[in-house]
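Engineer: The primary structure of each chain is shown beneath.
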Amino acid sequence: MSKMRAVAVLGVAAGLFAMGLSQTERASRETSSWLGPFAPIAAQVQWVRAEQAIQHGFPGRAIDFMESAIDLNPKSGPGWMTLANHLGLYLASAEAGWTMEVRVAWLESALDVTHRGQKWARHPEELSFHRGMLLLSHARLSEPLEWGDSPTALWQDAATAFSEAAELGHIGGEAAQAFALEQL
Amino acid sequence: MGRGLPLWSGITLCLLLPAWAFWSSTSETMPGSIAGLDAGNTPGLLRQGLWGSIGSFMLIAATWKGSRAGYLFANRDRSWLSTRLDSAVGGAFALVVGGVFAAAIALLGLAAGVEFASALGPAQVGQAFGKEHALHGQSLVLVSATPDNAMEAAWIVGDAKERLDYVASKDVPAPQLSFMPTSLAGDGPSALITISAARIADGKAVAEQTTSLTVRVRGTRRVLLPIPEGSGQLLITVRHGEDGPPLRLSGEHSALLLPRASHHLASLALWQHAFLWIAGAGAIALGLGARLGAGLGMSLALAIQVAGLGPAAGTYLGGSVWLDVLATAGQGFVPSSWTAPLVMGFGLQVVIGTLLLASALRIQAGKGRAS
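Chains as they are written, first to last, in our numbering: chain A, 1 to 184; chain B, 185 to 555.
If you're looking for bench data, these hints aren't it; they were derived computationally from the structure.
Incorrect hints may have been included.
What the hints assert, rightly or not - If you anchor each label on the Cβ, the simulated ranges turn out as follows:
1. B:P525 / A:D149: 51 to 59 Å
2. A:A96 / B:P306: 37 to 45 Å
3. A:A96 / B:G387: 51 to 59 Å
4. A:Q44 / B:L532: 25 to 33 Å
5. A:E167 / B:V356: 56 to 64 Å
What the hints assert, rightly or not - Stretch-level coverage of chain B by chain A, calculated; a stretch enters the list once three of its residues show a Cβ under 8 Å from a Cβ in chain A:
6. 234 to 241
7. 363 to 377
8. 491 to 501
Quick reminder that beta carbons are idealized off the backbone N, C-alpha and C, glycines included.
Using the sequences and the hints given, assemble the complete structure.
Structural biologist: Right, here's the structure in full:
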């Protein structure tokens, strides 16, 4: 091996080592997997499998795949939103066939996902805004969910979520909050 | 270059491995997540990570080496081939079998390395269990406290291979049923859940042959229930407590766990699956490389493996099964062994690879004779 090649190999290896060291602090909060840079790729595969599970009528299996994908790549905001949508829109819908109490529980579960995701995702304001959108989606139904103590509780909670999104820097947060408050 | 290569490879590896470990290290996991439950299982996660990452590198390396070797073998020396190769299929098969053995030996080295690495870290405590198969019930089991909802869910589990049969003994640990109830309220209010397993005789549950446990669930929790003594089918019943949020049971994590002699057997099972996956890909890459050239052959061989990540093709090509097996190892369980479709898929890839390589050899040998 020529000296130049040896130096180049050593340089690349040292660079990767330094990059690994610099990533230590950030990576410690990113994932619990030891898959390194393969983790986001494995997460993508799990999303595809989740989609296939939904298409084949296995919503429970889809949740398992989605949670596994999020465990592999928790910094992906769209990942948290997709899981929240599955729980809060698909499973909490009247068409899913559950009773009102269970539909309410599914929506609560979806809101919990957005709260958890805020601690991990690159753009927490997007998840806050999405929480407002989930609540708003149910508030606008002709037969809304039995949510909270008053019929306007869904709108109220949506306005709170949009307000939080605005505080975190979401560009549409204030306008959405104003819209939700108009409905009260 | 030859003499310096081992030294520089060693230095590179010494620098890369700590970098990888730092890159992948973890000090905090998501509360309430499945990864959070597995966070204490360092050897399992280490196995999952090392096999997953190095296995992926080895797949790429095997397809590249395979397609390049196939191309060189078929194209480099036509006149040599034309005089020495009596049977193209025999020669091609010998090369493919050689490649398969090389993959097996390289993966055995990886298995030994992974187990050595896991032995250096914190020991995996408790009885080792093999995760045999998911309990085929409903895709989504949900129990709730409200009277008009299902407070109780039940399904019957049978096993054609009679692995559910169990005779109590001091020396043999009982097989377990694994469940993972999750509260729909996340880390909010908790709820009680009672899970029972009863043997069925004459269509009815036998009270004397029943195991049961009641646990409180907040977030997600893994629950293990010993199988009751006896043989035959089991009636699994899940009952919600009187208050608290609804609970759902994960279908993926409702499984039969069989006792195993050692946690280290996980790497043996991972070796089996990695071998079928990587050696199969290498075999087909040999044939494709011989016919299409090294670059195109490798690309096509990798594309076939990507298709294998889907559920249908994955049953035969091993990609999606490999992901499930890695997940099982990450949970600290010993994955199940080879399945018949996987072995069939591997055999098919070896046959196709051999035939493609033989056809390329015949074409090139013909050209050699002509020139």
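Engineer: Work down the list of hints and note, for each, if the structure agrees.
Structural biologist: Hints versus structure:
The hinted range of 51 to 59 Å is satisfied by P525 of chain B and D149 of chain A, whose Cβ atoms lie roughly 55 Å apart. Distance hint check: the CB atoms of A96 of chain A and P306 of chain B are about 43 Å apart, consistent with the given range 37 to 45 Å. Here the CB-CB span from A96 of chain A to G387 of chain B is close to 32 Å, at odds with the stated 51 to 59 Å. At about 27 Å, the beta-carbon gap between Q44 of chain A and L532 of chain B stays in the expected band of 25 to 33 Å.
For the pair E167 of chain A and V356 of chain B, the supplied restraint of 56 to 64 Å holds, since their beta-carbon distance comes to about 60 Å. For the region 234 to 241 of chain B, the proposed coverage by chain A is satisfied: 4 residues have a C-beta within less than 8 Å of a C-beta in that chain, meeting the threshold of three. With 5 residues having a beta carbon nearer than 8 Å to a beta carbon of chain A, the region 363 to 377 of chain B meets the requirement of three or more and the stated coverage holds. Counting residues of the region 491 to 501 of chain B whose beta-carbon sits less than 8 Å from any beta-carbon of chain A gives 3, enough to reach three: the coverage restraint holds.
In this structure, only the earlier hint numbered 3 is contradicted, and the remaining ones agree with it.
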